[in-house]
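Got chain A; can you put chain B on it based on the hints?
Going down the list, the protein sequences come from chains A and B.
Using my numbering, the letters of the first sequence correspond one by one to residues 1 to 184.
Using my numbering, the letters of the second sequence correspond one by one to residues 1 to 276.
Bear in mind the hints are in silico, worked out from the structure with no lab data behind them.
There could be a bad hint or two in this list.
Some but not every residue of chain B turned toward chain A, in silico, with C-beta under 10 Å [said to hold, decoys possible]:
(1) Pro-16
(2) Thr-22
(3) Ala-55
(4) Asp-60
(5) Ile-75
(6) Pro-274
Within a straight-line C-alpha distance of at most 30 Å, the following computed DSS-like cross-link-like pairs (lysine-lysine) qualify [said to hold, decoys possible]:
(7) Lys-129/A x Lys-152/A
(8) Lys-33/B x Lys-50/B
(9) Lys-208/B x Lys-129/A
(10) Lys-168/A x Lys-53/B
(11) Lys-53/B x Lys-134/A
(12) Lys-152/A x Lys-53/B
(13) Lys-168/A x Lys-129/A
(14) Lys-50/B x Lys-134/A
(15) Lys-50/B x Lys-129/A
(16) Lys-33/B x Lys-53/B
(17) Lys-50/B x Lys-168/A
(18) Lys-134/A x Lys-152/A
(19) Lys-33/B x Lys-168/A
(20) Lys-262/B x Lys-67/A
(21) Lys-208/B x Lys-262/B
(22) Lys-134/A x Lys-168/A
(23) Lys-152/A x Lys-50/B
(24) Lys-152/A x Lys-168/A
(25) Lys-152/A x Lys-33/B
Virtual Cβ for every residue (Gly too), placed ideally from N, Cα, C.
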Amino acid sequence: MAAVSAVRVPMADSNDVALAAAGDRQAFERLYRTHANRVYSICARMSGSRVRGEELTQDVFVRTWEKLPQFRGESAFSTWLHRLAVNVVLNARKTEGKQDSRTEDSDVEDDRRDEMSRAPLHIERMDLKDAISKLPEGARRVFVLHDIEGYKHEEIAEMMGITSGGSKAQLHRARLLLREALER
Amino acid sequence: MTNSNMTCEEFDAALPDHLEGTLDEPLRASVAKHLSECVRCASLVRDLDKIRKEAASMPDLVPSRDLWQGIEARIAAPVIPLTARPEPKRRFAPAWMGVAAAALILVTAGITYTLTARSFQGGTPTVAQVTPASNPAPASSGSDTGVTGPSPTTSPSETGGTGARAGTPPSTAVASESSPRRPASIARVVNQQVSEDVYSREIAMLQKIVTDRRTQLDSSTVAIIERNLRIIDAAIAQSRAALANDPASRLLSDQLTHALDKKVELLRTAALLPSA
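Next comes chain A alone, as it looks inside the complex (with noise of 0.2 Å):
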């Protein structure tokens, strides 16, 4: 899976990193241009909302920015982009645990993933890009960090923080509820 996620995007983007890295904000345009929807899919999939995607991804690239002159080229650029972009992710749940408030769209996005949940059997079968967005979160995150992006069970532990078999036993929940939504 990570070879798909290799072969999604362009690898000639090398001069517009080393741009991007020397302050050339329209170079740093371009390669947000390139990736852009890649890394909006790992923010709103991962974190199961589009809005909230969409916030995440303007701080994975404005982390970019930041972290840019530290990229040594040791991996492909993309690959090293869609890793921060899961730790933004990632992060960004920590500090959402620790708030008291949130905000609004958050809170309708959850709002409504809990009527979905409760909703009953006559729903109308739904698709596979809804069912993982109802997913809970642990099982949502691993099942897109290995079925979707391609990590490792070794990869994803780390970068969550959890065992190996944690990240396994995460999965094979987060499929048996997959198939569970698709049936009905």
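Quick look at chain B alone, frame taken from chain A:
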């Protein structure tokens, strides 16, 4: 549902490893046998495989709006690097030191020339009278000139003009060296004003970004930022008030610059903070 080798419950327990492909050989054979005989478990595996494959080929999502503008506003904030902002102290100190040193040499040379010339003329030296009564502290006058600094607009020819007057009485020489004091003070004020304009523009830009992002930031973080901004604003106000009374003070100017630096730094940090 059971078969002779494995129950469905046993299969369920082995399923995660089966899907991961990490089962050891004897168990793998049991699972394969169970799957060939159990419709329920075979259907489950088919469904989970389908989900896995569908997930792997999911297309990228597209944001509902162009997010670049928001990103650009945040990364564009540090337009003026902190180290590149005009700093009158560093920019003018070397020039001042050069001119002050030259002035000191000229004054000394003038006095020496006058005294020597009069000695050679055989007259009673009237050093005490030559030393300008109208300017009771010539040595410190030179020093004062240095503190306030010459006007940055002083041309080399003007400096040379002073040098050409080396033979004139020290009183004149000292007076001509003292004269840049007032323009230099004005220059400092003007430079301070230019510097403040730059800060004002940057602060206004950063302040707008922070205000726009207020709802995205952790409320406790916002509270801390605002509390610190109030402290810095009080320091800025105090420095400005003091500078109004003593516009030529380098110390006060530096204090104000330092406080403005702090404000820019804090706002810039807030502008770049990730959303909560």
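Hints, verified against the model:
1. Pro-16: Holds, because the Cβ-Cβ distance from Pro-16/B to chain A comes to roughly 4 Å (cut-off 10 Å).
2. Thr-22: Nearest chain A Cβ about 9 Å off; hint holds.
3. Ala-55: holds, 4 Å
4. Asp-60: Because about 4 Å separates Asp-60/B from the closest Cβ in chain A, which is inside the 10 Å limit, the hint holds.
5. Ile-75: OK, holds: Ile-75/B within 10 Å of chain A, min 4 Å.
6. Pro-274: holds, 4 Å
7. Lys-129/A x Lys-152/A: Distance ~21 Å between Lys-129/A and Lys-152/A Cα, so the pair holds.
8. Lys-33/B x Lys-50/B: holds, 21 Å
9. Lys-208/B x Lys-129/A: Distance of about 37 Å is beyond 30 Å: violated.
10. Lys-168/A x Lys-53/B: holds, 17 Å
11. Lys-53/B x Lys-134/A: Judged against 30 Å, a Cα distance of about 19 Å means the pair holds.
12. Lys-152/A x Lys-53/B: The given pair, whose Cα atoms are some 16 Å apart, holds under the 30 Å limit.
13. Lys-168/A x Lys-129/A: With a Cα-Cα distance of about 21 Å, the restraint between Lys-168/A and Lys-129/A holds, given a limit of 30 Å.
14. Lys-50/B x Lys-134/A: holds, 19 Å
15. Lys-50/B x Lys-129/A: Roughly 14 Å between the alpha carbons, so the hint for Lys-50/B and Lys-129/A holds.
16. Lys-33/B x Lys-53/B: holds, 24 Å
17. Lys-50/B x Lys-168/A: holds, 18 Å
18. Lys-134/A x Lys-152/A: Roughly 23 Å separates the two Cα atoms, so the pair holds.
19. Lys-33/B x Lys-168/A: The given pair, whose Cα atoms are some 24 Å apart, holds under the 30 Å limit.
20. Lys-262/B x Lys-67/A: Holds, because 22 Å separates the two Cα atoms, which is no more than 30 Å.
21. Lys-208/B x Lys-262/B: Judged against 30 Å, a Cα distance of about 17 Å means the pair holds.
22. Lys-134/A x Lys-168/A: Distance of about 19 Å is within 30 Å: holds.
23. Lys-152/A x Lys-50/B: holds, 19 Å
24. Lys-152/A x Lys-168/A: holds, 10 Å
25. Lys-152/A x Lys-33/B: Between Lys-152/A and Lys-33/B the Cα gap is close to 28 Å, so the pair holds against 30 Å.
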